[in-house]
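K.L.:
Protein chains in written order, with this note's numbering: chain A, 591 to 666; chain B, 591 to 666; chain C, 393 to 542; chain D, 393 to 542.
Errors might be hidden in some of the hints.
[Unchecked claim] Derived DSSO-like pairs (lysine-lysine); straight-line CA-CA distance at most 30 Å:
| id | chain 1 | residue 1 | chain 2 | residue 2 |
| --- | --- | --- | --- | --- |
| 1 | C | K524 | A | K596 |
| 2 | A | K596 | C | K398 |
| 3 | A | K625 | C | K486 |
| 4 | D | K524 | D | K486 |
| 5 | A | K609 | A | K596 |
| 6 | B | K596 | D | K524 |
| 7 | D | K524 | B | K609 |
| 8 | A | K596 | C | K486 |
| 9 | D | K398 | D | K458 |
| 10 | C | K458 | A | K609 |
| 11 | B | K609 | D | K458 |
| 12 | B | K596 | D | K486 |
| 13 | B | K625 | D | K524 |
| 14 | B | K596 | D | K398 |
| 15 | B | K625 | D | K458 |
| 16 | C | K398 | C | K524 |
| 17 | A | K625 | C | K524 |
| 18 | C | K458 | A | K596 |
| 19 | C | K528 | C | K486 |
| 20 | B | K596 | D | K458 |
| 21 | C | K486 | A | K609 |
The set of hints was computed from the structure by calculation and includes no laboratory data.
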Amino acid sequence: MTIRVKFFASLREDVINPKSEVDSSDAGTISDVWKLATDHPMPPHVLCSVNLEHAEPSQSVADGDEVAFFPPITGG
Amino acid sequence: MTIRVKFFASLREDVINPKSEVDSSDAGTISDVWKLATDHPMPPHVLCSVNLEHAEPSQSVADGDEVAFFPPITGG
Amino acid sequence: MAVLIKPESFNPAQLQAAHEADMIAASGIVGHFGATASFIGTMRHFNEGDDVTGMMLEHYPGMTEKELDAVISDARNQWEIHDALIVHRVGDIKPGEPIVLTVVWSAHRAAAFEACRFLMEALKSRAPFWKKETLKDGSHRWVERNTPGY
Amino acid sequence: MAVLIKPESFNPAQLQAAHEADMIAASGIVGHFGATASFIGTMRHFNEGDDVTGMMLEHYPGMTEKELDAVISDARNQWEIHDALIVHRVGDIKPGEPIVLTVVWSAHRAAAFEACRFLMEALKSRAPFWKKETLKDGSHRWVERNTPGY
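Isolated chain A, as found in the complex (with noise of 0.2 Å):
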C-alpha cells in the first residue's frame, strides 16, 4: 500500500533525505504526499505531477501512484 515520490532537479538536491515511499492509506492528496515524504515545508513554485501526468497539489492519491515533485520547467 505504497506511493512512490520522486524529486528532480533543485529539489532533489534542496530536500534531504526524502522517502522514496510513502504510506497511501496516510496520503490523501499530493500535499500530503509531501509531507509524509519529507520535513521540509513545500516551496512556494512547487510543480507536481501524478502517474507521469501535470497536478495540483490538492489533487487526490491513490494506491500505487507515482508521485513527483520538480521545480519550474526550464527545457528548450
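Put chains B, C and D on the given structure of chain A with help from the hints.
P.N.:
Using the frame of chain A, we list chains B, C and D on its own:
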C-alpha cells in the same frame, strides 16, 4: 535620350511587339512610358518599377531610367 | 510524428532530413507538403550576464515523452499539419551544441510557422526538463525560469 | 547576411549549415546565438485543385537581389538578429524541390521566429518572382496571386 522598358512574366507574353526603348522627352510618368511602349491598354493590377525599385504609375521618369511592368508577384 | 530524447549531441539538419525522407517514402508522394518550418535551440556561452561553460539537462523519463507526444497532438488539433518532429537533448551539453529541434511539415506556411512555434512554447512550459549551468568560476546554478516566447 | 539566387536545385540544410559555419568562424565565438528559425518552401505536386508536374520561376535580375537585401535590412531594424539567409530558386523546378529558404539566427527565439516569418511574407509581397505552372495535360498557366500568410 531614352528610357529602357521591360515586361515580365505574363505581361511579357501578352504584350505584343512592345518597344524596349522609348524617347524620354515624350514620357513624363510611368503611365506615359506604358502608352509609348505598347498599344495595349494597361491592365488593372499591373505593378511597375523604376531603376529596380517599386513605383506608382504616376511617378515621374527621366532620361536613362529603366522602367519595368509586371503582374502581381508570386514567389516564395 | 516523432519524439526523440538524445543523451548525446545531435545534428538537427541530419535528423530533419532523415525524418523527411521516411515521411516521403511512407506517403509514396513527392511534393505533398509545401512548407517546412523548423527551430533549433542552441546552448549559448552566456546567460543572465554570466559566462556559461557547460550545462546539464535533467529530465523526467516517461513523463517527458508523454508530454512531448501530447504537445504534438495539441498542434495537430489546431493546425493542418502533415508531420512533426521534436528532438530534445539531455545530459551534459557544451556551448554551441543544439538543445532542441522542432520541425513541422504542412501544405501551407501559416500552419507550419504557427505550429512550429507552438511546439516550442508548449514544450518549454510543459515538458519536464531542467537546466543546471556551470559558470566560468566552476560554480553551478539551476536555471530558475524560462524566458517568455511571445 | 546573405541572399542567394539559385538556377539549380539546392539543398537547404547544406546551405544553412555552410552559412552558419562561416558565421561562427567570422565571430570566433561558439555559442553566441541561441535560436535558429528556418523555413523551406517546397514545390507541391498540386495547386488550386490541379496536378502540377513542373514550374518555371521567372525573376527580375538586379531588382530581385535589391529587394531581398532590403527585406533583410527591414528585419534587422525590427528585431535583434545575428544573421539571416535567403535562398531562392529560379528556372525550371520539379515537385518536391525546394523553392525558397529563409533562416534567422538570434539570441532569442521570439526574434528568430518572427523575423524568419517576416522574411517570407516580405519576400512574397516584394521580391519580383513569378511562377508559371505546367499542368498534367501539358498546358501552362501563370500563378495569379500568392496565398495570404497571416
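K.L.:
None of the hints should be skipped; say for each whether it holds.
P.N.:
Okay, the hints, checked on the actual structure:
Simply put, K524 of chain C and K596 of chain A have alpha-carbon atoms about 18 Å apart, close enough for the 30 Å limit, and the pair holds. Taken as a hint, the K596 of chain A and K398 of chain C pair is honoured in the structure, with Cα atoms around 22 Å apart against an allowance of 30 Å. Distance check on the hinted pair: K625 of chain A and K486 of chain C sit about 38 Å apart at the alpha-carbon level, beyond 30 Å; violated. Note on K524 of chain D and K486 of chain D: the hinted pairing holds, with a Cα-Cα distance of about 12 Å set against a maximum of 30 Å.
This hinted pair checks out: K609 of chain A and K596 of chain A have alpha carbons roughly 9 Å apart, not beyond 30 Å. Proposed proximity of K596 of chain B and K524 of chain D is supported: the alpha carbons are some 18 Å apart, at most 30 Å. The suggested pairing of K524 of chain D with K609 of chain B holds, with an alpha-carbon distance near 24 Å, which does not exceed 30 Å. With a C-alpha separation of about 28 Å, the suggested pair K596 of chain A and K486 of chain C falls inside the 30 Å cut-off, and the hint holds.
Taking the CA atoms of K398 of chain D and K458 of chain D, the gap is near 15 Å; set against the 30 Å cutoff, the hint holds. Taken as a hint, the K458 of chain C and K609 of chain A pair is honoured in the structure, with Cα atoms around 25 Å apart against an allowance of 30 Å. Taking the CA atoms of K609 of chain B and K458 of chain D, the gap is near 25 Å; set against the 30 Å cutoff, the hint holds. With a C-alpha separation of about 28 Å, the suggested pairing of K596 of chain B with K486 of chain D holds against the 30 Å cut-off.
Restraint check: the Cα-Cα separation between K625 of chain B and K524 of chain D comes to about 27 Å, which is no more than 30 Å; the hinted pair holds. With a C-alpha separation of about 22 Å, the suggested pair K596 of chain B and K398 of chain D falls inside the 30 Å cut-off, and the hint holds. For a cut-off of 30 Å, the pair hint linking K625 of chain B to K458 of chain D stands: about 27 Å separates their Cα positions. Taking the CA atoms of K398 of chain C and K524 of chain C, the gap is about 17 Å. The hint holds against a cut of 30 Å.
About 26 Å separates the Cα atoms of K625 of chain A and K524 of chain C, which keeps this hinted pair within 30 Å; it holds. At most 30 Å may separate the alpha-carbon atoms for a hinted pair to count; K458 of chain C and K596 of chain A meet this at roughly 17 Å. Using a Cα cut-off of 30 Å, the hinted pair K528 of chain C and K486 of chain C holds, with the two alpha carbons roughly 13 Å apart. Restraint check: the Cα-Cα separation between K596 of chain B and K458 of chain D comes to about 17 Å, which is no more than 30 Å; the hinted pair holds.
Straight-line distance between C-alpha atoms of K486 of chain C and K609 of chain A comes to about 34 Å, which puts the hinted pair past the 30 Å bound.
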